[in-house]
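Asker: Produce the complete structure using the sequences and hints provided.
Top line first, the protein sequences correspond to chains A and B.
Position 194 of the first sequence, counted from 1, bears residue number 194 in our numbering, the numbering being contiguous throughout.
Position 151 of the second sequence, counted from 1, bears residue number 151 in our numbering, the numbering being contiguous throughout.
Treat each hint with caution, since some may be false.
[Stated by the list, open to error] Here are the in silico distance ranges between beta carbons for each label pair:
1) B:Arg51 <-> A:Trp172: 45 to 51 Å
2) A:Glu66 <-> B:Pro158: 24 to 30 Å
3) A:Ala26 <-> B:Ala90: 20 to 26 Å
4) B:Leu272 <-> A:Glu233: 44 to 50 Å
5) A:Glu271 <-> B:Leu264: 34 to 40 Å
6) A:Lys176 <-> B:Ala90: 53 to 59 Å
Note that these hints are calculated values from the structure, not bench results.
Only a predicted model underlies this, so the values are computations on that prediction, with no experimental measurement involved.
We put the CB at the ideal spot given by N, CA and C, even for glycine.
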Amino acid sequence: MAAAVNRLSQNLILVLLGGAVLRISAFSTTYLNYVKPGFRPFLIGAGAVLLVLGLTGLVQAWRAKEGAGDGHAPAGGPPAGGNGHDDPAGDGGGRGQGHGHGHGHGGPRIAWLMCLPVFAIFLIAPPALGSFAAARSDDPPPRRSQALTAFTPLDGKGPVDMKISEFIARAWDDEKKSLTGRTVRLTGFAVPSRKPGRWYLTRMQLACCAADAFPLKVLVKGVEAPPADTWVEVTGTWIPPTFEKMPNGAVHPELSATGLVEIDAPAEPYED
Amino acid sequence: MGIMSRIHTGPRQWTDEDDSLPPDSWGRAPSVRRALPWGFVLVVALLVVGRFALAPHLASPALQTWATIFVAICVQALPFLVFGVALSAAITAFVPASFWTRALPRRPAAAVPVAGMAGAVLPGCECASVPVASGLMARGVTPAAALAFLLASPAINPIVLVATAVAFPGQPLMVAARFGASLVVAVLVGWLWLRFGRSDWLRIPSRPHGEGSKLAVFGDAMRHDLLHAGGFLIVGGLAAATLNVLVPREWLTAVAQVPWLAVLVMALLAVLLSICSEADAFVAASMTAFSPTAKLAFLVVGPMVDLKLIALQVGTFGRAFAARFVPLTFVLAVAVSALSGWLLL
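Answerer: In structure tokens, the structure reads:
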């Protein structure tokens with residue numbers, strides 16, 4: 001594995017990575033576990049470029065080897081290929097000729113690392129962030145300025161479908177207390193609390209990608225806790241807080257639940 | 001899908017090589033044989049075996065969370081990396097050498113800020129910026145101006161700024177602060193070098209020579225930059241995911257709450273991780289415990305000073321140069337980003 005990356009492998013790595021990116025973006029919705037929905041075209045574009053670059057490189061390397069038979073070696077021909085493996089320290093080789101840089105065809109050893117995301121995608125198949133990540137960060141989500149704008153009144157009858165972020169915003173920032181007495185239906189997954197017997201209905205929200213996700217949590221009372229990471233729809237009413245001022249540390253709004261339905265994980269795991 | 005195309009290309013490649021072995025290249029035959037992508041064959045074998053043997057055992061929540069964050073950083077940064085590398089390769093291949101000497105003012109003191117601003121228009125990958133700057137010097141551009149370009153172009157080019165805006169939604173000041181602080185550092189370093197720098201510290205390399213058609217140069221430059229920068233992006237993603245999952249939140253918060261320590265830690269992290277500037281904003285944004293100023297320090301230091309750049313600079317300009325240039329840039333970058341973070345963020 002520590003060998004220098006020769007020309008053939010370089011291009012094969014590009015093909016592999018491009019293929020993996022296309023697989024999660026163009027041919028499935030797996031990418032939604034990692035980035036926001038609007039990012040799809042860029043992913044497909046990047047994957048396609050990697051694939052094309054790798055394939056043309058392979059063709060070039062192949063032609064160069066053929067061309068060597070006629071006695072003329074085009075750029076990047078066999079002598080360059082030889083460069084990659086005659087010098088076992090390919091990286092040093094590449095950098096050593098860094099004075100007239102850019103033509104070291106023995107690629108850097110670090111390029112092998114580009115196989116790692118491919119391994120992660122194919123072997124671990126990382127799911128959307130779940131209760132492990134949600135339980136780790138207890139910081140309250142960043143307050144949004146739009147939370148200060150007026151809330152539309154909740155009209156109509158029956159339970160209101162609501163995003164968890166909206167529920168939290170109405171719970172803390174709505175001066176008219178529009179949630180009072182209303183039945184709402186929230187969708188999320190279960191995260192057990194550190195205190196026994198309590199659990200949070202949770203949905204992760206992305207600022208940019210899954211690396212900076214933060215959890216939106218609602219403490220659910222009145223129904224038995226489902227197993228961690230189970231996706232559920234919870235119907236219930238808001239329990240107005242008993243304290244006057246917001247206490248320090250993380251506090252989550254509370255819901256008195258009357259119904260709980262298990263559902264399949266949604267295609268878009270994160271709340272926008 | 002990727003697997004299929006690989007399995008097809010692999011064997012075809014082999015037979016083609018064997019068929020085309022010309023009689024007059026006997027001496028080369030063993031080396032061609034060794035050129036077969038053994039490392040790659042190993043990777044494919046691991047993938048296929050792992051898929052059946054390992055995958056069911058890789059289900060611990062901590063590992064999965066780690067992998068999700070790692071893949072998320074890679075996937076989010078990749079399009080920016082690809083686009084940035086493509087543009088910088090296009091400049092390498094299609095902008096003639098003489099353009100640079102004509103475009104810059106003759107007076108060195110004026111050339112420095114102009115070269116710095118040129119970085120805002122012309123995207124250059126970090127790894128590309130070192131060879132481009134050395135090429136500029138070889139073509140007669142004042143070293144100080146070439147150095148200002150070297151520092152500015154990976155830090156403030158449009159792709160990097162867009163990536164920063166995407167990584168920090170709703171925080172346009174972060175983009176502005178990154179642009180301003182990086183440009184100030186680049187110009188300051190350029191002027192300082194002009195005033196105090198000595199020519200014998202700097203080894204000006206001979207002109208790199210292009211070969212082949214422009215399109216071939218473009219493809220080669222892009223492949224070369226992608227393989228370098230891509231590898232370091234992975235290192236950054238690995239480190240960020242590991243920090244995120246393994247290091248207890250309390251430690252991070254403890255460090256992050258001491259302002260000067262937070263800035264210094266993030267600056268050093270930027271040096272260690274060596275992430276490409278097109279991708280580093282996403283890593284910075286994932287460090288949710290840290291203050292905006294500390295993140296800014298990460299974004300300003302990263303494109304200017306990191307392990308990969310130091311290695312490239314030592315190799316290109318010599319030890320005497322790097323020993324002076326690197327500490328100067330680091331100190332200025334930390335100071336300026338702390339100041340502008342305090343003013344703007």
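Asker: Hints first: check each against the structure and report whether it holds.
Answerer: Hints, verified against the model:
Hint check: Arg51 (chain B) to Trp172 (chain A), Cβ distance near 47 Å, so the stated range 45 to 51 Å holds. Checked against the hint of 24 to 30 Å, the C-beta distance between Glu66 (chain A) and Pro158 (chain B) comes to roughly 41 Å, which is inconsistent with it. For Ala26 (chain A) and Ala90 (chain B), the Cβ-Cβ distance of about 25 Å falls inside the hinted range of 20 to 26 Å, so the restraint holds. Distance hint for Leu272 (chain B) and Glu233 (chain A): a CB-CB separation of about 45 Å, consistent with the stated range 44 to 50 Å.
Between Glu271 (chain A) and Leu264 (chain B) the beta carbons are some 35 Å apart, a value that agrees with the proposed interval 34 to 40 Å. Distance hint check for Lys176 (chain A) and Ala90 (chain B): the Cβ-Cβ separation is about 57 Å, which falls inside the suggested range of 53 to 59 Å.
The structure fails hint 2 only (numbered hints given earlier).
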